[in-house]
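Chemist: The residues making up each chain are set out below.
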Amino acid sequence: MDNESDLEPVVSAAEPATAPTTVGNDSVHVKLKINGKDYALDIDPRVTLLDALRERLQLTGSKKGCDHGQCGACTVHINGRRVNSCLCFAAMHEGDEITTLEGIGQPENLHPVQSAFVACDAYQCGYCTPGQIMSAVALLKEPCGPEDADVKEFMSGNICRCGAYPNIVAAIQSVRQNAKPQRTG
Amino acid sequence: MKTFALTRASDSAQAIASAAKASTAQQGAEIRFIGGGTTLIDLMKLNVEQPQRLVDINRLPLDKIEALPDGGLTIGAVVRNSDLAYHPLVCKNYAVLSEAILSGASAQLRNMATTAGNLLQRTRCMYFRATDMPCNKREPGTGCAAIGGANRSLAILGTSEHCIATNPSDMNVAMAALEATIHVRGTKGERSIPIADFHVLPGNTPQRETVLEPGDLITHVTLPPPAPGSRSLYLKLRDRASYEFALASAAVVVTVANGKVTRARIALGGVGTKPWRSTEAEGELTGQSATEVVFRKAAEAALRGAKPQSENGFKVELAKRCLVHALKLATQTA
Chain A
1 MDNESDLEPV
11 VSAAEPATAP
21 TTVGNDSVHV
31 KLKINGKDYA
41 LDIDPRVTLL
51 DALRERLQLT
61 GSKKGCDHGQ
71 CGACTVHING
81 RRVNSCLCFA
91 AMHEGDEITT
101 LEGIGQPENL
111 HPVQSAFVAC
121 DAYQCGYCTP
131 GQIMSAVALL
141 KEPCGPEDAD
151 VKEFMSGNIC
161 RCGAYPNIVA
171 AIQSVRQNAK
181 PQRTG
Chain B
186 MKTFALTRAS
196 DSAQAIASAA
206 KASTAQQGAE
216 IRFIGGGTTL
226 IDLMKLNVEQ
236 PQRLVDINRL
246 PLDKIEALPD
256 GGLTIGAVVR
266 NSDLAYHPLV
276 CKNYAVLSEA
286 ILSGASAQLR
296 NMATTAGNLL
306 QRTRCMYFRA
316 TDMPCNKREP
326 GTGCAAIGGA
336 NRSLAILGTS
346 EHCIATNPSD
356 MNVAMAALEA
366 TIHVRGTKGE
376 RSIPIADFHV
386 LPGNTPQRET
396 VLEPGDLITH
406 VTLPPPAPGS
416 RSLYLKLRDR
426 ASYEFALASA
436 AVVVTVANGK
446 VTRARIALGG
456 VGTKPWRSTE
466 AEGELTGQSA
476 TEVVFRKAAE
486 AALRGAKPQS
496 ENGFKVELAK
506 RCLVHALKLA
516 TQTA
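Sequences listed follow chains A and B, in order. Counting from 1, position 179 in the first sequence corresponds to residue 179 in our numbering; the numbering is continuous, with no gaps. Just add 185 to wherever you are in the second sequence, counting from 1, and you've got our numbering.
Next up, chain A with everything else stripped away, as it sits in the complex:
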């Protein structure tokens, strides 16, 4: 009995015993919708969404930090919810609405969270900042309490090794309170 034929093939349905061991032979055709735009790609099934964005689509706003879902630098939105793109296989996200930093705002038209990060000086080296901003934008729609401590808890999946946390919290709170961003410290 071979039930594999009943499965919708995402990749070639080679049996495990004959699965190719070389990189790239087992590529899969994937259509991704990113920032409202459709992209078609042939990729190895091992390619993460993060690597597809950065290495194939030149959407380099999303950053690779730990590559294990621990640092949050790769945070993107899938169907409006924030996720770690380093722990997503790109081939599993056909039909999903993917939003990256590039879809949040542009230099001439910043998202309020981006403006607040600038006004509050909410970064030093900037490497974690795209992930921080993607998490912060998502947080605005999540059931987060009003206090700074609540924001810190909701942002704990985004690590900043420079330690810009106080100003990151201030930036997010300024947007939530719809007030003029105030720099701390």
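It is possible that part of the hints are untrue.
[Said to hold, decoys possible] Restricting the straight-line Cα-Cα distance to at most 30 Å, the calculated cross-link-like pairs of lysine-lysine (DSBU-like) are: (1) 141/A x 249/B; (2) 249/B x 31/A; (3) 152/A x 277/B; (4) 277/B x 141/A; (5) 31/A x 187/B; (6) 33/A x 249/B; (7) 64/A x 187/B; (8) 492/B x 152/A; (9) 482/B x 492/B; (10) 64/A x 230/B; (11) 33/A x 230/B; (12) 445/B x 206/B; (13) 445/B x 33/A; (14) 230/B x 31/A.
Hints listed in this document are in silico derivations from the structure and should not be mistaken for laboratory results.
Since chain A is already given, all that's left is putting chain B on it; use the hints.
Modeler: For chain B alone, coordinates are given in the frame of chain A:
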């Protein structure tokens, strides 16, 4: 990462038939279901997991949370942790479950991780995660480097001479205290497994973590109706205030009437090789006054069989205090 074939199951029967071709449903399985991927993809990147085929179950219709006629709750296998934690019925009737989930991981991971995946979450033991180290769970017969090694975060209950790895899940601890039932469909039909029987102790076969067989697909989890008048709570102690695994945690579901505990369900996390239900602690509490003296007796009973390792002796007292404090918080009058 080793290469693999990726297929998407369009219904449960196809998923089961596909996965039934694997030689095991445990460590080293050639075929794996993939849900949120938060554990599996991480371990594939480390070559700890090397499946030859992944069966994507995310689009199966197993994503609902629904009230049951008896007042209980049914939770689909691919319900995301965040959806479960924030569901109004969970917040209202099963606070311990909501609190446990929200105490674990990050907002991003909770948006990805599934209910079934969390039941199967793998240990964070560093030797399990490092393929250049001995580990009986990852590679049976190679030994346990954690015994006598860096074991500060590892288990003191349910260990064996072959493995002392901790079950890392917070959700599982709450599910144990709530007496959840795990519903599985496999090649021989459907069956229901009480969570107490779902995870197995490491013993001589630490590579085996659950009773699942090849092809078995967790379809949903059910919770019994909340015990009338009960209060529940999850208390987690850890090195950081957020985004850290438990050193010790306690899930308590208690009912107090006229100053006496009439019913108690107790489970501990961070200290056991499986989610650690303590019927011993429950026995010390039931029928007794809701006082700190009694809570301490319950804690002593829960940790009576503890076997500390070279670096985690502190967990014995920490877990006791964690349980006592959780019981105080859950029984104090507002």
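Chemist: Work down the list of hints and note, for each, if the structure agrees.
Modeler: Do the hints match the structure? See the list:
no.: 1; hint: 141/A x 249/B; verdict: 22 Å, holds
no.: 2; hint: 249/B x 31/A; verdict: 27 Å, holds
no.: 3; hint: 152/A x 277/B; verdict: 25 Å, holds
no.: 4; hint: 277/B x 141/A; verdict: 21 Å, holds
no.: 5; hint: 31/A x 187/B; verdict: 23 Å, holds
no.: 6; hint: 33/A x 249/B; verdict: 26 Å, holds
no.: 7; hint: 64/A x 187/B; verdict: 20 Å, holds
no.: 8; hint: 492/B x 152/A; verdict: 36 Å, violated
no.: 9; hint: 482/B x 492/B; verdict: 18 Å, holds
no.: 10; hint: 64/A x 230/B; verdict: 14 Å, holds
no.: 11; hint: 33/A x 230/B; verdict: 25 Å, holds
no.: 12; hint: 445/B x 206/B; verdict: 53 Å, violated
no.: 13; hint: 445/B x 33/A; verdict: 59 Å, violated
no.: 14; hint: 230/B x 31/A; verdict: 24 Å, holds
Against the hints set out earlier in the document, violations occur for numbers 8, 12, 13.
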